[in-house]
Amino acid sequence: MARYLAHRVGQAILVVWLAYTLVFLAVQLLPSDPVTIFLTADSAVDQAAIDTMKSQYGYDQPLLVQYLNQLVGVLSGNFGYSLASGQSVLDRISGVAGSTVALAGSAFIVAGLMAVIVVAAATLTRSAILRRVLVNLPPLLAAVPVFWLGLVLLDLLSIRWGVMSLFPDGSVLSLAIPVLVLAAVVSAPLAQVLLKSMNQVYDQPFIDVLRAKGASRSWIFFRHALKNAAGPALTVMGITVGTLFAGSVITETVFARSGLGSVVLTAVTTQDVPLVQGLVLLTASVFVVVNLVVDLLYPLLDPRILKSNGQGAPRALTA
Amino acid sequence: MTERIGMTSRPNRTPPRRVPARHSLRLTALLGIAALALAGCGSAAGPATGQNPVAGEPVEGGTLVYAEVTPINNWQTQAARFYEKSNVLNSVLDRLTYFDAGTSELVPWIASEFSSSDDATEFTFTIRPGVTFSDGSPLDAEAVKLNFDALGLGIEAAQIQPNVDFAGYEKAEVIGEDQVRVTLTSPNANFLRATSSVTAGLVSPATLKLDAAGQSAIAEISGSGPFTFESEQPDEEVVLAKRPDYAWAPESAENQGDPYLDKVVIKYLPEVAHRAGAIQSGQVDLARGLQPLDEGTIAASGNQVLPAQGVDLTVNMAAVRIGSGKLDDVNVRRALQIGIDRQSLKETVLSDSYDLAASVLNRQAPGFTDLSAELEYQPDKARQLLDDAGWTVGADGIREKDGVALEVTVTSSNNSVVIKPAFELIEQQWREIGVKLINRAGDNTFLATAMPDPSVEFFGTRQFIYGGLGPIFEPANNTMTHTSDDELNEIFAAERAATPGPERDELLAAEQHALVVDKAYSLVLWDEVQVYGAHRDTRVEFTSGTAPVFQGAWKTGG
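Quick note, the sequences are listed as chains A and B, same order.
Last residue of the first sequence: 319 (this note's numbering), numbering continuous.
Last residue of the second sequence: 877 (this note's numbering), numbering continuous.
Here chain A stands alone, though its shape is the one from the complex:
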């Protein structure tokens, strides 16, 4: 187990470092340096002003020096300063991260629950019509754009019926509705994958054996089938962190919520490169950590993973 753990953590660190380096190099591909790009958003900017700010932020140094300085900074917890507000990138992000964690975290859990509920209902129902409806629900939700769903719900609930505020006012609905909107979209691929692998599990002979032994439908589903079918869905869940982040940007904008989404949006539109760099690093880290957790959960679902030479996780438990 220790070896497996060390291997996975090492890989995770490598990925974060590569992501960081990639972003640094991508910034160099921009037509100009971050300060010039940021300042030329004004109509006429003085070259002397650009030069002063460039040296203040260290963009006049040779590339390698910039890279090493930034890397040392990041390792010591200094992610640089936002060009737009002069605030440190860390302060800017941590100031609103809580709101996004609440939204995305709840949506993540709700999405998982929604997927399981849809699949359980579709598998256990005796009604062919209901099953057909439920089976088609995930593809439908996957096709609905987050912003559209949010706009329609807000229009109905807030403007037409007046049951909730257009603004986040701390009420239950003002968190529940964005969470549901985001969860609906995130749950779609989970439910699709879970449904598919569930069908494959149900084709296996051991299900017949369980039935023959007299196990109830729900006992078979929750006690045996779910655990066996969960692997691929768990993998997808790790990947949906990306969707979750992208969805947060849109959900937060539509619902006028503060959070990382709106920071991403303003950082990109104002060309605040240091802030964008910090955000990408953060996103990459969260992504890697979530997937690390997924990898570490695998052995709990399928102990054979630890026995397969201690290397590599079998991502597809079913074909």
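By construction, these hints were calculated from the structure, which means they are not laboratory data.
Check before you lean on any hint, since a few could be wrong.
Heads up, simulated DSBU-like pairs for lysine-lysine below, C-alpha to C-alpha not over 30 Å straight-line [said to hold, decoys possible]: (1) K665/B x K645/B; (2) K720/B x K755/B; (3) K528/B x K582/B; (4) K54/A x K490/B; (5) K838/B x K700/B; (6) K54/A x K528/B.
Everything numeric in this text was worked out from a predicted model, so none of it was measured.
Please build the complex by placing chain B on the supplied structure of chain A, with the hints as guidance.
Okay, now just chain B, sitting in the frame of chain A:
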């Protein structure tokens, strides 16, 4: 479990395949979609009604909820060149002078008197007694001098650049008890007007000593305005509370005392589709950025459509850059200027709240000269000009010259609700004269690279011009035209040195004529106006910079 479970266990030696870079690409794509959604697309003209007569007896008390477009995080006062910022800071910061749009004159505010030397290089301000900043310190001549230094020289320690409208600043001195004299290195007749700008808002000496992050935080900024900061929820709301001891409004203001309202709550509605609904459902009292489509709905529901004329700004225009070489012949630019059917622009994508441009200056701007005769839609003449310039119609209907197609690109931010549909219509109109317009208006990602790129032919924009037209068109790296035109710059310099009066008005007219007709660097579209939606109970007026004047606002319902 001992049965065969039918799952193949495949050891996987390849490293994780989900590279975060891919994810960030997807994020970018989604952002693009979000930006498109936000850009909105009002495409029908709605009837505008309901000028807001601030009539009746003001009601004391109450909270006004104001919806801005997008949250901002940098409140540094000198960089308040965005509506999101200036609309709020207008109520927090006082200025030395106030531009009264009604009379087109500067009136006293914190400066009870102000004068200029004949050569426009020396300016004297007498500071009104008894004014204090919200942190308790006095707004006296010394504080004004410190503010001038910050405006004219910048604050290096806080990475604050000099204010562009204060170019040529040399020094400010306190004379006697209550006077400040400013000396410039070169004449600038626009200097007094520049002191009326929100970007020249006076802050307390303690604020000027803060570092960059401190001066960016609205909680830390201390002004002498009618409202002061009370609380904020980052990216969600800012709450301002009135200063009960406020007694130094601009001379022209109807309310000379403290605000009627107790509080103003600024919230954000980035989603254009919600603004009308927010007003109709009474969730906000005032919202900026109403799309033409919603104007009729708002008026029909008994609420108010309030167009605020942007006298302090240029008109909305496509500023021409000649870097690609396609537009360096002035006749080609003139052809495009008269190839725009402005009337149909108004009928199709704008509304009655919008006045068509007749110059590069708004109609109410001092020195405005009416060039509408030069701006009539003349497609035949436009074709002739293009023919004569050697651009002949190719097989696909698009003109070519030496194998190059007359294909031009426009960039603009997504901040205006009407700019993208406007360029969509112009795209059709120019197609008629054989010009292909690639419409990238409202695409902020493209804007980032297009702004500094002289080969992107058009920049759709409007700019604050407290310092006159010179600062935005003069420098070689100006983002409007990316061209430094010597003849034009001579007029700008002469205009700045001229004393106010007929001679200066002539020079202002010459600037406008050169920009719009002779050189056609500015394809003018419509006078700048910000269309606000207001609840039927809201009573509010606006500055010449389109900012709501909360000091004089009230709600009839209390």
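Hints, one by one, checked against the model:
1. K665/B x K645/B: Roughly 28 Å separates the two Cα atoms, so the pair holds.
2. K720/B x K755/B: 14 Å, holds
3. K528/B x K582/B: The hint holds at about 28 Å.
4. K54/A x K490/B: Holds, at roughly 26 Å.
5. K838/B x K700/B: 17 Å, holds
6. K54/A x K528/B: 22 Å, holds
This entry satisfies every hint, going by the numbered hints stated previously.
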